[in-house]
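Enquirer: Sequence:
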Amino acid sequence: MRKKPLIVIALTMLLVFSLSQSVWAFSDTKNNPNESKIEALQKKGIIGGEKDGKFNPNGKLTYAAGISMIVKGLELNIDNIRFIKAPKVTDHFKNLKDDAWYSDAVIIAQYNGLDIPVDVKADDEMTREQFAHHLFKAIMTKGDFAFIELYQVLNDEKSVNADYMDSIQKLLNLKIASLDAKQNFHPKTAITRGEAAAWLYDGIQFVQNTPPVTDPKPHVDYKLTTEKVNADIAKVTISAQLPHPGYGLKIVSISFDGDQAVIHVEVTDPDPDKMYPQVVTEAKVSTYIDAKLKPVLFTPDQPVDGSTGFPIDEGAASGSTGFPIS
Numbered sequence: 001m002r003k004k005p006l007i008v009i010a011l012t013m014l015l016v017f018s019l020s021q022s023v024w025a026f027s028d029t030k031n032n033p034n035e036s037k038i039e040a041l042q043k044k045g046i047i048g049g050e051k052d053g054k055f056n057p058n059g060k061l062t063y064a065a066g067i068s069m070i071v072k073g074l075e076l077n078i079d080n081i082r083f084i085k086a087p088k089v090t091d092h093f094k095n096l097k098d099d100a101w102y103s104d105a106v107i108i109a110q111y112n113g114l115d116i117p118v119d120v121k122a123d124d125e126m127t128r129e130q131f132a133h134h135l136f137k138a139i140m141t142k143g144d145f146a147f148i149e150l151y152q153v154l155n156d157e158k159s160v161n162a163d164y165m166d167s168i169q170k171l172l173n174l175k176i177a178s179l180d181a182k183q184n185f186h187p188k189t190a191i192t193r194g195e196a197a198a199w200l201y202d203g204i205q206f207v208q209n210t211p212p213v214t215d216p217k218p219h220v221d222y223k224l225t226t227e228k229v230n231a232d233i234a235k236v237t238i239s240a241q242l243p244h245p246g247y248g249l250k251i252v253s254i255s256f257d258g259d260q261a262v263i264h265v266e267v268t269d270p271d272p273d274k275m276y277p278q279v280v281t282e283a284k285v286s287t288y289i290d291a292k293l294k295p296v297l298f299t300p301d302q303p304v305d306g307s308t309g310f311p312i313d314e315g316a317a318s319g320s321t322g323f324p325i326s
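The sequence shown begins at 1 in the numbering used here and counts up by one.
It should be emphasised that the hints constitute simulated quantities derived from the structure, not laboratory data. Only a predicted model underlies this, so the values are computations on that prediction, with no experimental measurement involved. Cβ atoms here follow ideal geometry from the backbone N, Cα and C, with glycine treated the same way. Fair warning: there could be bad hints in the mix.
Restraint ranges, calculated between C-beta atoms of paired labels, are given here [to be verified]:
(1) Glu157 <-> Asn56: 29 to 39 Å
(2) Gly53 <-> Gly258: 20 to 30 Å
(3) Ala40 <-> Arg82: 28 to 38 Å
(4) Glu227 <-> Thr268: 20 to 30 Å
(5) Asp79 <-> Pro218: 16 to 26 Å
(6) Ala40 <-> Thr287: 19 to 29 Å
(7) Gly258 <-> Ile233: 14 to 24 Å
(8) Val213 <-> Tyr288: 30 to 40 Å
(9) Asp144 <-> Gln278: 16 to 26 Å
(10) Thr90 <-> Asp290: 15 to 25 Å
(11) Lys85 <-> Thr281: 17 to 27 Å
In the EDC-like style, the derived pairs of lysine to aspartate or glutamate whose C-alpha atoms are separated by at most 16 Å in a straight line are [stated by the list, open to error]:
(12) Lys292 <-> Asp221
(13) Lys137 <-> Glu157
(14) Lys88 <-> Asp232
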């Protein structure tokens, strides 16, 4: 007599399980070549559907959605940065909004060096070359990885933004991105939501399954000097002792936070095809800023005690690498 209630319970559990499975699946991704990858990202809460509950895999990806999925998928954050005031999207991107659903993701992307265009709008369609570049930049925040230095010839190479080519080449070699039958990458074509999801999934898999190289960038003690050129302009010079002349310093960008000019600096790697004398060499790089601004160094390659930059007074300065805190 007890078998019937047990059967009812079992059928009820099976029904609940079946319903839960259908809730997870988008209704419009069946038979899409990237269906399994889209579903995997959805189950992890990395991507969501549109208002009608569909994913729209063949639809165009907006910049707001693209940056958000990259930041969430690769678990980027700014926990190691100490700010003197809460950062705002409009500090860097005048066409975006501070309280929008994408704001936090854009701020995180900015301070992780994803190289977002300053004139971007939330609803801009993200191109294939742009998504490739931002995705690769995000991957590289997870560690120093070794890559095959194989240059793939693109039939439409002249259409590629030169600043994005290295990122595209890396994703092609990793088989995250691909060319069409005629060896075209279609860099200016808007990437579809389905293809972006597939690239992101493969990028996450690469990070999870690939150990970073054991030879990190050299420890760097930065020194800074400021020199007034005139009443309006100041010259800021960053120098460092590096292991050999193959290494160099590069100013990646300068952003502005109130009365501060935040100078983003990184160490450039040696050319792997060249031999260098093993002699400690001083490298220098300079830039010019408004004399009224206080220079602040930002060095994501050398975080110290959870802080990533330091203010410069007149003359030389060295020490912490974090934003000044009161």
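Enquirer: Evaluate each hint against the coordinates.
Expert: Against the structure, the hints come out as follows:
1. Glu157 <-> Asn56: 29 to 39 Å: Given range 29 to 39 Å: holds, Cβ gap about 31 Å.
2. Gly53 <-> Gly258: 20 to 30 Å: With a Cβ separation near 43 Å, Gly53 and Gly258 fall outside 20 to 30 Å, so the hint is violated.
3. Ala40 <-> Arg82: 28 to 38 Å: holds (35 Å)
4. Glu227 <-> Thr268: 20 to 30 Å: Since Glu227 and Thr268 have Cβ atoms about 24 Å apart, the given range 20 to 30 Å holds.
5. Asp79 <-> Pro218: 16 to 26 Å: The hinted range 16 to 26 Å holds for Asp79 and Pro218, with Cβ atoms some 25 Å apart.
6. Ala40 <-> Thr287: 19 to 29 Å: violated (44 Å)
7. Gly258 <-> Ile233: 14 to 24 Å: holds (19 Å)
8. Val213 <-> Tyr288: 30 to 40 Å: Holds - the Cβ-Cβ distance for Val213 and Tyr288, about 36 Å, lies within 30 to 40 Å.
9. Asp144 <-> Gln278: 16 to 26 Å: At roughly 20 Å between Cβ atoms, Gln278 and Asp144 fall inside 16 to 26 Å, so the hint holds.
10. Thr90 <-> Asp290: 15 to 25 Å: holds (19 Å)
11. Lys85 <-> Thr281: 17 to 27 Å: Check failed, 38 Å falls outside 17 to 27 Å.
12. Lys292 <-> Asp221: violated (26 Å)
13. Lys137 <-> Glu157: violated (20 Å)
14. Lys88 <-> Asp232: Violated, at about 27 Å.
Hint compliance for this structure: hints 2, 6, 11, 12, 13, 14 are broken, all remaining hints hold.
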